[in-house]
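There are 2 protein chains.
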Amino acid sequence: MSLLVVGSIAYDTIETPTARVEDSLGGSALYFSAAASLFTPVNVVGVVGSDFDASKISFLKKRGVNFDGLYMESGKTFRWGGRYFDDMNKRETLFTYLNVFERFQPVIPEHYQKAEFVFLANIDPELQLEVLKQIENPKLIVLDTMNFWISGKRKKLEEVLAYTDIIVLNDEEVREITGENGLIKAARAIPQMGPKSVIVKKGEHGAMLYHEEEFFFVPAFPLENVVDPTGAGDSFAGGFMGFLAKAQTLDLPTLKKAIVYGSTIASFNVEDFSFKRLEKIKMKEIKERVKLFKKMTAF
Amino acid sequence: MSLLVVGSIAYDTIETPTARVEDSLGGSALYFSAAASLFTPVNVVGVVGSDFDASKISFLKKRGVNFDGLYMESGKTFRWGGRYFDDMNKRETLFTYLNVFERFQPVIPEHYQKAEFVFLANIDPELQLEVLKQIENPKLIVLDTMNFWISGKRKKLEEVLAYTDIIVLNDEEVREITGENGLIKAARAIPQMGPKSVIVKKGEHGAMLYHEEEFFFVPAFPLENVVDPTGAGDSFAGGFMGFLAKAQTLDLPTLKKAIVYGSTIASFNVEDFSFKRLEKIKMKEIKERVKLFKKMTAF
Chain A
1 MSLLVVGSIA
11 YDTIETPTAR
21 VEDSLGGSAL
31 YFSAAASLFT
41 PVNVVGVVGS
51 DFDASKISFL
61 KKRGVNFDGL
71 YMESGKTFRW
81 GGRYFDDMNK
91 RETLFTYLNV
101 FERFQPVIPE
111 HYQKAEFVFL
121 ANIDPELQLE
131 VLKQIENPKL
141 IVLDTMNFWI
151 SGKRKKLEEV
161 LAYTDIIVLN
171 DEEVREITGE
181 NGLIKAARAI
191 PQMGPKSVIV
201 KKGEHGAMLY
211 HEEEFFFVPA
221 FPLENVVDPT
231 GAGDSFAGGF
241 MGFLAKAQTL
251 DLPTLKKAIV
261 YGSTIASFNV
271 EDFSFKRLEK
281 IKMKEIKERV
291 KLFKKMTAF
Chain B
1 MSLLVVGSIA
11 YDTIETPTAR
21 VEDSLGGSAL
31 YFSAAASLFT
41 PVNVVGVVGS
51 DFDASKISFL
61 KKRGVNFDGL
71 YMESGKTFRW
81 GGRYFDDMNK
91 RETLFTYLNV
101 FERFQPVIPE
111 HYQKAEFVFL
121 ANIDPELQLE
131 VLKQIENPKL
141 IVLDTMNFWI
151 SGKRKKLEEV
161 LAYTDIIVLN
171 DEEVREITGE
181 NGLIKAARAI
191 PQMGPKSVIV
201 KKGEHGAMLY
211 HEEEFFFVPA
221 FPLENVVDPT
231 GAGDSFAGGF
241 MGFLAKAQTL
251 DLPTLKKAIV
261 YGSTIASFNV
271 EDFSFKRLEK
281 IKMKEIKERV
291 KLFKKMTAF
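Protein chains in written order, with the UniProt record's numbering: chain A, 1 to 299; chain B, 1 to 299.
Calculated directly from the structure, the hints in this document are not laboratory data.
Just to be clear, a hint being listed does not mean it is correct.
[Claimed, not checked] EDC-like mimics (lysine to aspartate or glutamate), calculated; alpha carbons at most 16 Å apart, straight line:
{"no.": "1", "chain 1": "B", "residue 1": "Lys294", "chain 2": "A", "residue 2": "Glu214"}
{"no.": "2", "chain 1": "B", "residue 1": "Lys155", "chain 2": "B", "residue 2": "Glu172"}
{"no.": "3", "chain 1": "B", "residue 1": "Lys90", "chain 2": "A", "residue 2": "Glu180"}
{"no.": "4", "chain 1": "B", "residue 1": "Lys185", "chain 2": "A", "residue 2": "Asp87"}
{"no.": "5", "chain 1": "B", "residue 1": "Lys295", "chain 2": "A", "residue 2": "Glu213"}
{"no.": "6", "chain 1": "A", "residue 1": "Lys294", "chain 2": "B", "residue 2": "Glu214"}
{"no.": "7", "chain 1": "B", "residue 1": "Lys185", "chain 2": "A", "residue 2": "Glu204"}
{"no.": "8", "chain 1": "B", "residue 1": "Lys257", "chain 2": "B", "residue 2": "Glu214"}
{"no.": "9", "chain 1": "B", "residue 1": "Lys185", "chain 2": "A", "residue 2": "Glu214"}
{"no.": "10", "chain 1": "B", "residue 1": "Lys90", "chain 2": "B", "residue 2": "Glu15"}
{"no.": "11", "chain 1": "B", "residue 1": "Lys295", "chain 2": "A", "residue 2": "Asp251"}
{"no.": "12", "chain 1": "B", "residue 1": "Lys291", "chain 2": "A", "residue 2": "Glu214"}
{"no.": "13", "chain 1": "A", "residue 1": "Lys185", "chain 2": "B", "residue 2": "Glu204"}
{"no.": "14", "chain 1": "B", "residue 1": "Lys139", "chain 2": "B", "residue 2": "Asp165"}
{"no.": "15", "chain 1": "A", "residue 1": "Lys185", "chain 2": "B", "residue 2": "Asp86"}
The shape of chain A in the complex, shown without the other chains (with noise of 0.2 Å):
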């Protein structure tokens, strides 16, 4: 049952075609959070701050989500600025500045060690392995990385391959990653890196998995207005990972289903800006989505 994610807490900066927000809040670990806590406890593990507001957190904790490892350090808070256009479909980074991240050592606190369900959101890969040193015995490794990891350090993050169960990564990083152009070859190239299976995230094309031989699709939700695609892969992983630690059964079936409503928490994600369309959200809402989704591709 157990679910711990390791990721960002950041102050957001977004600007899109039609709108600009400043400071918002955002980060791999809350966005994750926020989608995992619909199904399941989340643990979460991540720094910030002396700057950072805690009462926006509170929809989370009365979620259930844990923030006993949640650091304050003095500084600031990680901020990143990024532009979205192209119809949302490209995104420039226009700043990142680390801040209180810069030093993080992730101390995973006692009563999370026996974490059954991990998930290492983009990190850097040292900080990766050194959260898995500190996990006991856990049943599911998920990774994300990025192109600056897999180019930057390649060597710390074949490390943490080994011990990877899935990987999920979008389409540009998983043929970087495996140096294979083609998805179906660069998704088939993943497990002699070590993990078992991997998710591909295709953006407005969906999203692929490939487990045990087998591949398994599904499209990205039809929508008209995205208005801050921030956050959709985290949501992704979140809505994934809480779905399975929620299920306790990682057979293709249940993995299927998985993707499918972590496909349907990122598209509610995107409809508006930081966690305005996620903290308001209702599991009958996101039921009748995933009943869409049959409906699109059940022939």
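Position chain B relative to chain A; hints supplied.
What follows is chain B alone, placed relative to chain A:
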């Protein structure tokens, strides 16, 4: 039942990262027929030069493809040369010699004029209009086109669109024809232009149908080794329309199945050059792959 296709018959010169073929039989009308004739008889209208080797289409004649509308003119058959790269995901045109196609004026044989199902392959919209004038009372008109006509013959293309029931486009084309960058917005903008439905071909990301406010998605069959993508779109359209013409129904469940059959046949087509794969294909193989499509999308 009666299915008519008007399109090109070509000799293709194709370069891939690992192979090169010269004067390989191809063209939209033939790829369409090779797929559609697996379900129902097909009537072809097109033109070839005096260099055309008719023995190479005998496998289509045996399968019920009627070539009474194939005109032989003095001069050379249409020739196209293309090069695929980036793991077959991209292509560039090396040359286009219209030859006898340059003076082509489609004349629909009298016994073709009662065609109920009409596929207007990607040719000059002026010729597509000429075809439509000669058809008595079609039940379903499906249209393909390309960027060259979207930008170069917009007015004429709009006239064709007014008569079209379903337009089949790739993702770039649907963005260009509607001026919308997002695929969902673009699909939703199509009905205002005439066609009730649109199928967006997304290459390695599969295909999407938008029909009466409903979406349907099918992935591309996961192939590790695509030998030659030429004719994928036309064999998709052929499988799609052949299935519909046989089913004689145009409701959403039938359209969905037709798209899966189209995707399946296209996935076989790209496994070899020219018609090598579709020439010997068995319905049993097709049905097995359709089952795999179901397995890869059902949850």
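Straight-line Cα separation of Lys185 (chain B) and Glu204 (chain A) no greater than 16 Å? holds (12 Å)
Sort out whether Glu180 (chain A) lies within 16 Å of Lys90 (chain B), counting only the CA atoms. Cα-Cα ~15 Å, so holds.
Within 16 Å, alpha carbon to alpha carbon, are Lys139 (chain B) and Asp165 (chain B)? holds (9 Å)
When you check the alpha-carbon spacing of Lys257 (chain B) and Glu214 (chain B), does it fall within 16 Å? holds (15 Å)
Can you confirm whether the C-alpha distance between Lys295 (chain B) and Glu213 (chain A) stays at or below 16 Å? The hint holds at about 13 Å.
Quick one, are Lys155 (chain B) and Glu172 (chain B) close enough, alpha carbons at most 16 Å? violated (19 Å)
Does the structure keep Lys294 (chain A) and Glu214 (chain B) at a Cα separation of 16 Å or less? Between Lys294 (chain A) and Glu214 (chain B) the Cα gap is close to 12 Å, so the pair holds against 16 Å.
Restraint status (C-alpha distance of Lys185 (chain A) to Asp86 (chain B) at most 16 Å): Given pair Lys185 (chain A), Asp86 (chain B) holds - Cα atoms ~13 Å apart, limit 16 Å.
Starting from Lys294 (chain B), check that the Cα of Glu214 (chain A) is at most 16 Å away, please. holds (12 Å)
Holds or violated: Lys90 (chain B) with Glu15 (chain B), Cα cutoff 16 Å? holds (12 Å)
Does Asp87 (chain A) lie within 16 Å of Lys185 (chain B) when you go C-alpha to C-alpha? Satisfied, since the Cα-Cα distance of roughly 10 Å is no more than 16 Å.
Is Lys185 (chain A) within 16 Å of Glu204 (chain B), Cα to Cα? Holds, at roughly 12 Å.
When the structure is compared with the earlier hints, violations turn up for hints 2, 9 and for no others.
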